[in-house]
Structure formats: structure tokens, C-alpha cells
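There are 2 protein chains.
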Amino acid sequence: MNEQHNHIVKSYDDEQRALLDELIRMGQMSASQLEAALDVVERRDDRAAERVVANDEAIDALERQINHDVIHLIRRGPLAGDLRVILAALRVASDIERIGDYAANIAKRSLALNLAPPLPHTRGLGTLGRMAVQQVRDVLDAYVNRDGAAALYVRERDAELDTLYTGLFRELLTYMMEDARAITPCTHLLFMAKNLERIGDHATNIAENVWFLIHGEERMPPRDKRDDSNTAVV
Amino acid sequence: MNEQHNHIVKSYDDEQRALLDELIRMGQMSASQLEAALDVVERRDDRAAERVVANDEAIDALERQINHDVIHLIRRGPLAGDLRVILAALRVASDIERIGDYAANIAKRSLALNLAPPLPHTRGLGTLGRMAVQQVRDVLDAYVNRDGAAALYVRERDAELDTLYTGLFRELLTYMMEDARAITPCTHLLFMAKNLERIGDHATNIAENVWFLIHGEERMPPRDKRDDSNTAVV
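Chains as they are written, first to last, in the working numbering: chain C, 1264 to 1497; chain A, 1264 to 1497.
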């Protein structure tokens, strides 16, 4: 009887561990897709861009698998602590899926960018992109290690990403005013920069879920959101 | 014993009904916020815009309440069908929260828009906006009535919203090339239009959750996504 009980408990743990492994794999795939997308923009490589777009489906499939596994785990009747782990996994999977979408969209927009001559602002996008990759990698580490301090740090640094984004936003508007031929590619760059800013928001959401894993529904300390591009005028 | 059992079952049902009531209220708040935001853009009313921005917090608070209630309901050990209802509610709440965010962002960007003379494209934004509102209202109805056919219809009509969005995107780019002074307000209009297109995507997500409520994890029939703005060149 006791042995059977142990067997069931162990198998539940195994399933939960498998869920978290899938989630980490999904996170790493999204981070790699983002790096590949940024690389594609820099190298102006249309074929590689199309590969990044096509690879997004694998991330979506993994999210469906995770949703399926979560339902299965909840049906087994988790304990309170496990329930928290499972619900956090569900939310984190959704954020990772969006990060993958934004990476694929950056690759897709690079196709339009490559129809015009190279723009100097691609470098600014690269800087923003590397910071977004770092935020994604760091928050995934914080999640794996259940490190609340690291999660808080990721959330704090999101303000830097916002500031960088707003700066690039203004630069691009100014450039568009000086050269009407640059309007189309600059608009795509604007949306690509916005995608990176949104990826930062999703990294922040994941950070909040790390906090939830440790502290339950108690809210994270408040913070300033510094994206001023919404009301920016040049 | 039996009576007590009935009592517990009924109370579980009551809690679940309360959850769905909160969700519907949240959905109506988001749809109203979106209508208010579109109205504010048309009337160029900065004070009303600030009210829309401030009202978003009430939607966020309702989502936190729903997340809390979902955890409580799952802890009570739902039956398989109830679990589906609860998980769908969790996902729908997240989509409604995003719709509210986009509505608030439209109101916020109208402040930047109002610093420049009125643009003719505000009308095109209004058309796109009314369609987005309709999609949100229709999918909420489909959700309340568990109407799979209505949900499918909402998802199908999303392609029309995408086509309208791509058209407005091209129009705005063309206008920006003709008049450099219009670049800043047009850029905000571009992002506002993108918000409306994204709201359509969230309505589609909700439609997929209505499908999930009825058919479980079986996927909805595939469809075409027709947002060509990602590679649009003018």
C-alpha cells in the first residue's frame, strides 16, 4: 500500500519534471529564434529569415503539448505547492510562445527591409535586440533556479530596454522626416523595435511568475514603466 | 450526508458561476474601454483619454481576482468538464486583459495625435476600430452562449480585419511620404491600427477557447492569416 503510494507520488513528480523540462526547452528555442532573427537582420539573409519564420511552428507545438500536460497534471489532483508550479508553467509557456512569435515577426519584416538599401539604424536595433535576448536568457535562468532576486533584477532592467526603445523610436522618426525614401524600411524597423520592447514585457511577466512561485499571490513591489514612446513627438 | 454532498456541489457551482460572471464583466469593461478609446480619438478629448488610461487598472484588478478564484476552484478538485471551464476562463481573462491594454494604449497615443492637426486617416482607424469592437462583442456572446459556430465565424472574419489593417497601413505610409510633417502623428496612427489588429487576434484566441470548451483539445479547422503588412512595401 505504502509502496504503491510512493510509486504514484514519484510518477507525479516525474510528470511535473517532464513538464518543466519541456518549458525550459521551449524557452531556449525562443531565445535561439530571437538570436537567429537578429542575426538575419544584420546579414540581410532572406533564406535564413524564412527558416526562422518556419521554425516558429515547433514552439507553438510545444505550447500545445504543455497545455495538454498541464490538464493531465491538474486532473491528478496536485497539492497546493504543485498547483502553483503548474499554473506558473501554463502562464510562462504563453509568454514564451509570444516571444517566439515576435522573433518570427522580426525575421519576416527583415524581408521588407532587404528591399531597400541598408540603414544605419539596424545597428541600434541590434543593441536593443541583444539586451532583449539577455533579459530572456536571464529570466529563464531565474525561473530554473527559482531565484526571486534575479527575477526582480530582470524586471528592473526592463526600464533600460524601454529607454533604449524610446530613443530608437525618436531617431527613426527624425530620419524618416529627412528622407522620404526611408519611410517604408524605417516603419518596419519601428515595428521590429516595438517587438523587442514587447519581448522585454514578456520577460517581465515571466519574472512575475518566478515571484509567484516563491511568494504565491503576494504582488511584486511596484515599479516604474518608462516607455515614453506612446506619447513621443519629434 | 447526501444533503451535505449536495450542499458542497451547489457551492462549487456557485463559485464557478461567480467566476464566469466576473469574466463577462471584465469582457464588457474591455469592450467599453475600446469604444471609449475610439470615441476619444475622434473627439480629440485629452481629458477623456486620460480617464480611459486610468480605467485600465480596474480590468487588471479583475484579472488578478479571476486568477485567485481559479486557484481556489482548482484546489477544490474540479471534475473533467469543470476543469475545462476553469482553464478556458483563465486564458480568456488573459486575452481580455490584453484587449484592455490595447484600448488604453490607443487612448494614450491620441494625446500625441492631438498635438498635430487632424488627419483624414482617423476615419479609417474608426472603421477598423468599430470592426474590432464588433469582433470582441461577438466573441464574448459566443463564449456566454457556448456557440461554436459563432466562434468559428469570429475567427473567419479576423481575415477581413487584417485586410482592412493592411490597407490602412499602406495608406498611412503613402501619406507620410507626401508630407513629412505628418510622420509623427501617422506613426502613432500606425501603432493604433496595429493595436486594433492585435485586438482581433485576441478575439480569435477567445474564439479558440470557446471551441476548446465544446470540443476539448481537438484543434479548430485551419485558416488563413491575411495580415500582409509585415512584408508591405510602398
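Any given hint could be a false lead.
Put simply, identical chains are the same to the list, so a pair is met inside one copy or across any two.
Heads up, simulated SDA-like pairs for lysine to any residue below, C-alpha to C-alpha not over 25 Å straight-line [unchecked claim]:
id, residue 1, residue 2
1, Lys-1371, Arg-1280
2, Lys-1457, His-1384
3, Lys-1371, Glu-1419
4, Lys-1457, Ile-1337
Source of the hints: derived by calculation from the structure; they are not laboratory data.
Exercise. Provide an ascending list of the numbers of those earlier hints which the structure does not satisfy.
Key: 1 and 4
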